Structures are given as structure tokens and as C-alpha cells.
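There are 2 protein chains.
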Amino acid sequence: MNDHRDAEASRLTIDYRNAMAAAVGPGHGVTDAMLDEMAPVVAEQHARLGAEHAAGGQRWMDLPSDTALVTEIETFAAEVRDRYENFILVGIGGSSLGAIATVQALTNPFRNVLPSETRGGPRFFVLDNPDPEKVAATLETVDLSNTLVNVVTKSGQTAETMANFLAVRQALEAAVGPERARQQIVATTDPAEGLLRALADQEGYRTFPVPPGVDGRMTVLSAVGMLPAAICGCDIGGLLAGARAMRARATTADVRQNPAYLLAALCILADTRLDKSILVTVPYADALFGLSDWFRQLWAESLGKRLSLDNEVVYAGQTPIKALGAIDQHSQIQLYTEGPNDKLISLIAVENYRAEVAIEDVPDGIPELDYLRGAELGRLLQREQLATAWALTEAQRPNFTIGVPTVDAAILGELFYLYELQTVMGGALLNVNPFGQPGVEAGKNATYALMGRDGYETLREELLAATGTESQYRLSSG
Amino acid sequence: MNDHRDAEASRLTIDYRNAMAAAVGPGHGVTDAMLDEMAPVVAEQHARLGAEHAAGGQRWMDLPSDTALVTEIETFAAEVRDRYENFILVGIGGSSLGAIATVQALTNPFRNVLPSETRGGPRFFVLDNPDPEKVAATLETVDLSNTLVNVVTKSGQTAETMANFLAVRQALEAAVGPERARQQIVATTDPAEGLLRALADQEGYRTFPVPPGVDGRMTVLSAVGMLPAAICGCDIGGLLAGARAMRARATTADVRQNPAYLLAALCILADTRLDKSILVTVPYADALFGLSDWFRQLWAESLGKRLSLDNEVVYAGQTPIKALGAIDQHSQIQLYTEGPNDKLISLIAVENYRAEVAIEDVPDGIPELDYLRGAELGRLLQREQLATAWALTEAQRPNFTIGVPTVDAAILGELFYLYELQTVMGGALLNVNPFGQPGVEAGKNATYALMGRDGYETLREELLAATGTESQYRLSSG
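Just so you know, the protein sequences line up as chains A and B, in that order. First residue of the first sequence: 381, per my numbering; consecutive thereafter. First residue of the second sequence: 381, per my numbering; consecutive thereafter.
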């Protein structure tokens, strides 16, 4: 499956001159001395990661090699792709962001509007939020007799996903009966454990595995991300081949040569040495906005950690922001250039768009518009990106540009793997464990308590006392 | 036109107990003493705003009163709503974010997927970014002979909007000929000046006014936001009535009673006295995500300003983040609770969703799922919001909750006006001019220069020299 692509080299470039002190000033840019200082730490952590991987850890690194899984998924996808008019993914966070990013990058943005003849695969709906308005509208819009459902949760504990799934399941049973409903459901879950595994076994759903030992936010290159992508017609073989190309390129321990380590070093140095507590990702392509949202989860959940250093509590983590060029030039750039100098800005530039639109016809009589005669939208967008990088640099705002030749499956695979390795190295440089998310347990438990789940009675009492409506700090409408 | 609604009172509530020091600790919460200290400043600035308005300034405050415009827009919208299958809005930033927020809040999220019989008005497409892939896909998806286009730019200088518009215009002319094309174009622009005004007059487009003296980001309650909203079937009379209700409520100078001034004081105190440099807005409703994006522009462009105070340069402005509950509990809450305590978090709670989905059928044999039996998705989402507010507070992260009874036109109008007044008062408290966006000029000029526009030759030379490809800080794919 696309193994020939392994012969291809990584095609991604990084231009970080505008992140250096020489460009934006010593208080705001990274220096060569800082990179020199970090080089041995990076090399040491690189060796540690390699040793852990050799000992059976860091299993996310193996996902790009699983071409047998690609075959299995593609076989299944080929069976269902033209059989169903609608496809509903039920999952939240790491169980949906990767699939959304992939489908958005690689398929027509109007796939759900297009007639089935020109679409290529089913319409794609995501039930992530348990928003009753959205869920009700989805169930009213799709013909359930013609709908495949993929529910994704490793543990089956996720309240939002299980609630949404049970709502879809009962609607499906009402529409087609329990027997057929079971055939229209595919579960992606732990191969052996958990509530969804138990339910899938009990009901006889077709299942795909969530890989054991991999955090949810690192599963885009497993069945979690690839099954929905393949059903929507994405080239998942190409995705994994791209990830392998980046993996092969990122084997060097040299912080200046390894793209993932370079980005990790720039971001962590900017955060910890230069007070750039915010990391903005600005792709100049609508197709990559979902990638920016996927990365936002990865960076926040992995590095946003409380830790003890020298008996002191430290709250680590840069705050990621998803943005979109050129749109956010008309929303955020005023703040980014004249507000607090607290951001590192990552631009993503696209060399060749998959379509181009040329302006041939500029009306006479408005000479100020003549500069658009013969202009192409893609060229305009590229120049906006260059102009923004320049203007940020002039204002001493550190920034760097990731360059991609075009948006395709392989480059998306490169980006996924790049960001994952960058994040794991970022954790190492920050001294935090990039895996797990201990900080969300309190909120999850509080939700269970308020929902009246068995075993949470004490917390429920505490919560009800704390969230009563009487307070002098409440401005009512009365 | 819906004037009876003026009798209605504002229905929005604010619960800010979790933003107070008593709840989250003295280093992280606002104190009553801080509010007391700010009260006279707020009262003074309230008087100044009133005086400026009386003298003909602060014209954005008048927009909710223009019921004649509502009538004019509704008459036009009624003419075109059922005549066209597709509606394309061409505009960026303040010329599109308000319309997107309104249509998203008040119409079916799947309007473009639904057949025309059940939709109510045309399908809605926005060309904001000059992304050639998106523009080409839009032009391929719609039947141009059955498409109305609304181009929105006050000056007609905006490169992205004019480029996108010229691309759509030539496609329209090719499809239906120049005569009919002109009838399918509506321009919202300055009543007297600018390039789009000149073009509209020359070609004979129907036009609607961008109100003079109002910044683009404050025009949602003018034809800029209301024309697209009305064409898509939104109740714009209700929108303005809600804005008037908030305007009437917000006439008090009392920082503790005026919702806009209270929020301004909380945000500015958190930013300047408590180091909460980030303001996160988290609606618990998919329908309000566009509102969060609209507010993100308003807050960033208005307050992100460089200024001189006591001969020192100050870079002002809190960084706004758009988020969505409960989705971002699975993406950002780990960082928000265990990362740096540098955020003020604004939750938006909805009392009654416009649809509810109840879970009747929970499979036997999985007792851990029994707590979902009889659960309703809307109730779940409300409890997630309460649980998150509680968990943030436990982690000493300041937060407040804006409560809305339901998402409808009037409450959306309330929210628009609330946030506008909050922002203008925020500027006053920060000592910055909330109008204008001087910081984006450099980037705009750089784009013109790179596009070869007359008069920008010197800048072009400078730019080409600065952005050459030779640099040791470039990691290539070779």
C-alpha cells in the first residue's frame, strides 16, 4: 500500500530566521548561543526517547509502519464508501480532531453539499459536542437507513461520546430495527478492555483498535484517524508514507537539522527564556485550519502540566492559538503587532495550491484596482503570508514559517508526525510528562456527580453547595 | 417591525463570584476594593461617552435604533430569499464575522445540506479568505445563474475582498452575461466614497450603506451584518430589539449594575492587576461559536494597541481565545487548570436549548452506563458547564458565567451590544483608543508592494531584499 512512497524524502521546509535575535532583537529572538546550549540536552533526550522506544515505550512512533492496518481499513472503506450516503463520526477531542483535520485537508470543502455522483464517498458528519440542537439537526438531516456510524472512545467512559452514541443508536434502531442498526455501527475502541469494548462484543459491532499505550491525542495515524479518513476517500497509505518520511528525516539528534527538535527548541526557548507564553499557528490555507486545531489540543494537553521543580510548584505550558491566514490579519494582527510581545507565531506557507483562480477581468474606470489585473488568488495569499512575516518581524515579533510544497496526504502525514515528535521533545525540554491529562479528572468527576452516577454522591453534595444560585456577585435580569 | 419587543427587558445574567478573590485567591481574583476603586473611573468614562455621543460621536450606539433600515432590508430580503438557491457573501474580518455569527446562531447548522423546500432561504457561502482552493470549490458547487452575491467593504481597498469579488464577478458574467450579473450583485459600502462605491455606481449595483463613522468591527447591527442575516431568514428586527434592551439596561454608570461595565472592569483588572493576559470565551452551544469568533476580533483589534504613557511605550491588550464547551474540555482544560494561571475564562451558559435529545434506551449489561438512562443531552451540557466552572475555581482559575435563557435573535442582539460597550469601556479603562487599527497598515502596504501596486515601489525593493531565500536559518528538504 503506497510503500513506494518510502523512497520519497520529506518535503517540508522551515525558515526560522525571523525567530532569531538578529531579526527581532535580543529580548525577543532566540540566539545561536541558546541553541548551542540546548543542543546537548536535545541529544540526551533523543537518546532517552530511542532507548524507551527500544524497550517497548513511545509506541506512537510505530503507528506509521502499520501498513497491514491500512490494508484492513481500505478494504472495509471500499465496502462501505459507496453503500452509505451518510457517515457519522461520534467522538470528541483526540477521537475526532485528527479525522476532522484529515478530511478537511484532503477532500472537497463542500462534500456535504455536493450530490453523491460528484462527491466520492458519503457525506461526513461529526457528533463531538453533546449539543442537543446540533445532534437533533444531524438526526433530522440524514436518512438513517442510509447511514454508517463510527463511535470512537478507548475506554467507553467519555460521557459526551457515550451520550451522543446512545442517542444515535436509539434513533438508528427506531429507523431500521436493532438487527440492521448493529450492522451500521463500527466501534473504534480498546482491543480488550472498557465499556465500549464490552458493548461492541455484546452487540456484535465490527470493531477497529485504538492502539494500546498511545494517548488519544497521538492516535491520528491509527484507526482512530484513518478509518473516517478512508471512508471519506482520503489516501491513508500516503498519509502514513509521509509520516514515515518525516520519521526517517527526524532521526538525527542535531537540534539544527532535526525539524521536530528545532521547532521544539524554538518554542520552549521562546516560552521559558523570552516570555513568549503564546504559540500561534497560522496556516495560509483553509484546508489546514483543522490541522491547527488538532495541534492546539496536542500542545495544550501535553505540555500544560503542573510539576514540582526543586520543591517549587511550576505551572508549565505555552498556550496554543489556532488562526487562519489571511483572515486573521483582519482580526488578530493588530494585537499581534502592537499588543504585548508575548507570542511566537508559526506561519504555514503553501507553495502550490491545488487550484488557482486568475483575475482576468478588472473593470475599467477604477485605476486603483489595476494591480489586480492578471493576479492569481494563490499568489495573493502567498504574498500576504510574506508580507505578514515581514511586518511581524519589523515589529520585533518572533515568527517562523513552515513551508509545504502542496497540501496532500503525504505532507499531512509529515506534519502530524513532525508535531507529535516536536511535542514529545518539548515535554522533555520542559521537564514535564507529555502523556496523560491529570488536570481534567476533577471536571470529569464533577460531571459524573451532577449526572447522578453511582459512587459520586459526596462530590455531588459538595458541588451543589458550591454552585447554589445565591450570591451577591450575580447580576440578574430582573 | 418588532418594536413591541422594546417592552421586553434584557434577559442576560452574569455570575462572577468565581472571578473574585474570595473564590480563587487574592493573587488571582478581583476584590471588592478593586471594583470600588474603579467605580469612579467608570462613572467618569461613562459621562465622557455620553457627552461624545451627544456631540455626534460614538455613532455605533445608534445602530439599534434604525428600524427604517430593518424595513428596507427585510423588503429586499423578502424579494430575493426565494428567488435564489445560493447566496455568496464576499467580505473579510468585520465585513463577514458578524453575519457568520448571526446565521450560525439563528439558522439550521445544515442549511447548505438541506433541500430547498425545508431550508428557508438560499444556501449560504462566505468568501472571506482569498484561498484559491476554497474559491474554486465554491464556484464549482453553486449554480451561478441562481446565485445572489453580496460584496462588503467600506473602502473597496481591501485586497482580499476585491480580489475575491472580481473572481466571482467574472465567473458570474461568464455564466449569465454582464447585464444579468449586475442584477445579481448587491454592494454594501460607503454611501459616498471609495472604490467599491465608484464601481457600484458605474455598474449600477443595488447598494446598502456601511454606516459612516463606525469601525468595521462594530457594524454587525448595520446592513453589513443584517442584510446577509435577513436573506438567510434571521429575525433582524428581533436582533435590534435585543440590542436596544441591552442599551437601555446599560445606561447606569454603576460598575456593579451595568453588565458591560462590569465585564470591562473584570477583564481589565484581571489583565492589568492580576496578570491574566488571556481572555477565553467558551460558549456551551455550537450555535454561539461564531459569536466567540466575532468577539475575538472586537477585543483584539480594539484593545491591542501601542501607546505612550508617561513617556514610556506600553503594549496593551488581552489576547482573546475562542473556544467551545464541552469540546475544549477535551483539548484545553488540562492547560487551563494545570498550566500557567494567566487566563480569565468566560463561560456562556444556555438555560433552554431549542431542541432536546433524551436517551431512553441504554443497553443492559453495562451497569456503568446506567447513569445515562433518561439523561438529556442539553442537561448533560449544562452540567458540564457547571462542573467546569467548579473545577476551574478549585484550581484557582478566575472565571465568570454569562447566562442566556435561550439562543434567539433578541439575546444575540443583547450579546452584540453588550460586547461592544464592554470593549469601548475596556479601551477607556486601558487608556487606549478602541477605534482604528494602525498596526495592520504595514502588512497591508507590504502586500500591495508585493502585488506590484503603483506607488509602492520603494517598499517592494526593501521587502524583496529582506525576504530573499538565502539564510543559514532555513532547513530545506534537500
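Honestly, I wouldn't trust all of these hints.
Chain copies aren't distinguished; within one or between two, either way the pair holds.
Once the Cα atoms are required to be at most 20 Å apart in a straight line, the calculated SDA-like pairs of lysine to any residue come out as [what the hints assert, rightly or not]:
| # | residue 1 | residue 2 |
| --- | --- | --- |
| 1 | Lys-824 | Leu-839 |
| 2 | Lys-824 | Leu-519 |
| 3 | Lys-824 | Glu-756 |
| 4 | Lys-702 | Ala-628 |
| 5 | Lys-824 | Glu-837 |
| 6 | Lys-824 | Tyr-836 |
| 7 | Lys-702 | Leu-429 |
| 8 | Lys-824 | Glu-417 |
Please keep in mind that the hints were generated in silico from the structure rather than gathered at the bench. Owing to the predicted nature of the structure, the values given are computational and were not obtained by experimental measurement.
Alpha-carbon proximity context of Lys-824 and Leu-519, limit 20 Å: neither (27 Å within a copy, 45 Å between copies)
Intra/inter-copy verdict for Lys-702 and Ala-628 if alpha-carbon distance must be at most 20 Å: For Lys-702 and Ala-628, neither the intra-copy (28 Å) nor the inter-copy (36 Å) Cα distance is at most 20 Å.
Intra- versus inter-copy proximity for Leu-839 and Lys-824 (alpha-carbon distance at most 20 Å): within (12 Å within a copy, 54 Å between copies)
Within, between, both or neither, where Lys-702 and Leu-429 count as close if Cα-Cα is 20 Å or less: neither (28 Å within a copy, 35 Å between copies)
Within, between, both or neither: Lys-824, Glu-837 at alpha-carbon 20 Å: within (14 Å within a copy, 58 Å between copies)
Within, between, both or neither: Lys-824, Glu-417 at alpha-carbon 20 Å: neither (41 Å within a copy, 38 Å between copies)
Status of Tyr-836 relative to Lys-824 across identical chains (alpha carbons, at most 20 Å): within (11 Å within a copy, 56 Å between copies)
Within, between, both or neither, where Lys-824 and Glu-756 count as close if Cα-Cα is 20 Å or less: Classified as between; 17 Å across copies, 49 Å inside a copy.
In this structure, the earlier hints numbered 2, 4, 7 and 8 are contradicted, and the remaining ones agree with it.
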